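**Q** Dock chain B against chain A, hints included.
Residue numbers (the numbering used here), protein chains in the order written: chain A, -11 to 290; chain B, 22 to 450.
Bear in mind the hints are in silico, worked out from the structure with no lab data behind them.
The model shown is predicted, which means the values in this text are computed figures rather than measured ones.
Be aware that a few hints might be false.
Chain A is faced by these chain B residues, among others (derived, beta-carbon under 10 Å) [stated by the list, open to error]:
no.	residue
1	Asp66
2	Pro67
3	Pro92
4	Thr99
5	Ala106
6	Thr110
7	Ile111
8	Val281
9	Lys286
10	Trp295
11	Gly299
12	Gln362
A few chain B residues that don't get close to chain A, going by computed Cβ distances all over 10 Å [said to hold, decoys possible]:
no.	residue
13	Thr249
14	Glu346
15	Met432
All residues carry an ideal CB built from backbone N, CA and C; glycine is no exception.
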Amino acid sequence: MTVSAPRRSSVQRRSSQRHSGRRRPSTRRSVLFIGTTLLAAVAGIAFFAPLWWSFVNSLRPGSETFRYLNPLQWQTFFTLTPTLDNYTALLDTDLSRAILNSLIVSVVTVLAGLAVCATAAFGLSAFRFRGQGLLFSVVILTFLIPFDAIAIPLSDMFRDWNLQNTFVGLILPGIGNGMAIFLLRTFFLAIPEELVEAARLDGLGWWGVFTRIYLPLSRPALIGAGLMLFLFQWQAYVWPLLMGTDREHILGPVALSNLQGQFQVDYGVLFAASMVLVLIPLIIILSFQRYFIQSVTTSGMK
Amino acid sequence: MRRPTTITAGVIAAALALTGCAGSADSSGSSGDGSGAVSFVGPEDPAVFAPVIDAFEAAYPDITVDYTQVPFDTYATTLQQRLSAKDDTIDVFAVDQPNLAQIAAQGFLEDLSDLEDEAKAATSAAQFDINIYDGTMYALPVWNSTQMLFYNKDILDAAGIEAPSLNPDERWTWEQVAEAGAQAQAAGIESGLLLEQAEAYYQLQPLIESLGGGSGITGDDMLTADVTTDGWVEAMEWYGGTFESGLSPRGVGGFQTSAVFTDQKTAFFVGGPWDIGGFADADFAWGIAPHPSFDGGEAVTPTGSWSWGVNTASTNKDAARTFLEFVALDAAGNLASTETQTIIPANTEAAAEYLPKLEALGGDNSAGAADLITYEIENTAVARPVSIGYVQFESIINAAIADIRNGSDAMERLTQAQQQIEDAWSQLR
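Isolated chain A (complex conformation) (with noise of 0.2 Å):
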C-alpha cells in the first residue's frame, strides 16, 4: 500500500493534468510553433534579401541601381527584363584570372595548411613532453590576435625575403593556422587512447597511428579546418594588397574591389563579380556539407 498510493497519486495527477489542460498547451504549442517559425522566416528573409537583391541588381544594368530602392516597390526585388550584359562584361576584367589565382591560393593553402595543423594537432594531444602546455597557450595566442594586426610588420619580413609579389608570399601566412590547430586538437583527444595502444601493441609506428587512425577518423575536423583554411585565403584583401601583388598574382577580393572606380562605378558588373566570388564558397560548401555530415553520421556509429 505504502508503495501503490504514491503510485496511483501520480496517474491521478497526470490524468487530472490531462483533463483540466488538454487545449491550452497545444493553443501554446502551436502559438510557439506558428511564433518560431515566423521568426525563423524573418531570420531567413533578413539573411537572404541582400543576397537576393545583389543577385537581381547583377541582372540589370548598373544605371538602373539604385532607381527602385526609395521607396521600396516590388520591382526592388525583381525585374522583368534580366540581362547577363553584367557577367558577359567582367570577362574582359581581371577577375577571371583573380579567380583562378585565389582558387591555386586557397586550394594549396588547405593542402599544405592541412598537413602542418593536423601533424601539429598531433603531435600536441597523441604525446606528453615538457612544455606541452605552454606550447599549446603560444598556439592559442596565434589566433587571438587579428591577422590584420601583424599583417604590416610580416609585410615587412616577406619584402626582407623577396616574397613580395609572388604566390608562396600570399600562400605562407595561410598556412599554420592556431584555430585549425585547436580545432584538430580537441577532435583528436577525444579519440580513445585504447585504439592507440593497440595499434601500438601491434606494431604500428606513430606515423601510422597518426595516417591510420587519427586522420581517418577525424575526417569532419579536417574538413571543418580546411573550410577554415579555405575561406581565409579566399577572403583575404589587407595581405595581398601589402605583398603588392601584380596583374598575374591579383585575387578575387582586390580585383572585385578594383571594379570600383575612382570617378564612376558600375554596380550592376560590381554585383556581377560578387554573385561569382560569392558562388565558388557556397558550391565548394555545399558540396563538402554532404561528406561532413556523413563523417559525423559514421563516426557518431564508430
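**A** Then chain B, alone, in the frame of chain A:
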C-alpha cells in the same frame, strides 16, 4: 603510408613550382633616359593607362612600364605602408594632390626641383603650386578637375523655371538654386538639388570659402585647425538645411549620386567634367552652368586631382623620371592619359586640345563646357590646403559633413571636429 607521402610530395612540388613563378620588377640604373622596366602604381583601371603606356613605350623602346592597380578605397593606406617599407617594386606612383605634403614629408617622393621651370610653363598656377611642399617640388600634375552645375532642362521647362546662364558673370547663387529646386519639387520632382560627393570636403570647400570661411587649416606650419569660423558655420548650416527641408535627398552617397540625376529625380546636380561623359547617353535634355556661389560671396570652385611622383626607394629612377616627364610635361603624353577617362589634363596645351572633345561628348547639352572649364580653372579655382595633417583633417571633416547632412547641429558638430583635428594633430607637431 603511400597516400600521405604522395600528398606531401605534391605540396612540396606545388610550392616549388609556385616559387618559380616568383619575380619582382627587374630594374637597372643607367644615365640619361634610362632603360628597363618601370613599375607604376595607381588607383585606376588598367584600361585607363593603357594608351599612355603604349604611347610611351613606342617613344622610348628601351623602357617598359608595368602598371599595377590598387583599389581606390585603400590606395592611400596601402601606399603608405609599402612606401614606408622602402618597397622598391614601386618606381612611379599616382599621388592624390592633397596627400602630397604628408607623403613628401616622410621622404617618399623624389625631389623634382630641376623640372620646376618646365612644370610651371606646362600647367596652371594652382596646379603647379599644389606640388610644392616646404619650397620643394615633389611631383608633376597629370590630371585636373573642376565642378559645374548640371540641370535637367526638361524638368526646369515643365516647372516653368528659366535655366541658369552659362556666363560666369551671371553665375547663379546657391539661394537661387535652392529656390528653383524647391519650385521644381512643387511641380512634382523628387528633389531639387544634389551635390555629387555629398559628404566630401572637396565638394563643400567652395561653399565655405565662398562665405570667407577659409580652408579650415591655418598657421605657419599649416597645423592649426580653424573650422568654426562664421563662414564655416553659415555654409554648413545652409547645407544641413537643404537636407532638412527635403531639397536634397539623404541616404545616397559617394558616386551613386550621379544616378539620381540620370534617373531624373533631381532638378540640379553639382558634378565634375567626368559627368559630361556619364550623362551623354541620357534620354532627356540637360545643360551646364557655372558652379554657384553664395549671395554676396566670392565665386570659388574646387580644383585638383592627381599628380605623379617618383619613389625615393626606386632602383630605376632615370627611367621612372623619363616616364613621368612624358606623362606630365609632354602634351601628347598627357593627352594620352585622358583617352579613356573623362578628366581634364593638367597640361595646359593638352587641356586646350582635350576640352573641345570633352564638350562634344554631351552634344548640345554640354555646349560651352570647354570655355567654362578654362575660365574656372584660371579664375575661381581654389585648391585644398597643403598640410602634412591633411589626411586626418579630411577624414574628420568628411565625417562631420556626413553628420550635419543627417541632422547634426552644424556649430556643435564643427566644434567637436575642431577638437578631434587638434587631438589628431598633436602627434604631428
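**Q** Take the hints in turn and mark each one as holding or not.
**A** The hints, checked one at a time:
1. Asp66: 6 Å, holds
2. Pro67: 7 Å, holds
3. Pro92: This hint holds: Pro92(B) lies near chain A, its Cβ roughly 4 Å from the closest one there, short of 10 Å.
4. Thr99: 5 Å, holds
5. Ala106: The hint holds - Ala106(B) has a Cβ within 10 Å of chain A, the shortest such distance being about 5 Å.
6. Thr110: Since chain A brings a Cβ to about 5 Å from Thr110(B), closer than 10 Å, the hint holds.
7. Ile111: 7 Å, holds
8. Val281: Holds. Min distance 7 Å.
9. Lys286: 9 Å, holds
10. Trp295: Holds, about 4 Å.
11. Gly299: Result: holds, 6 Å to nearest chain A Cβ.
12. Gln362: 7 Å, holds
13. Thr249: Consistent with the label, Thr249(B) stays out of reach of chain A, its closest Cβ about 31 Å off (over 10 Å).
14. Glu346: 24 Å, holds
15. Met432: Given a closest Cβ separation of 30 Å, the condition holds.
In this structure, none of the earlier numbered hints is contradicted; all agree with it.
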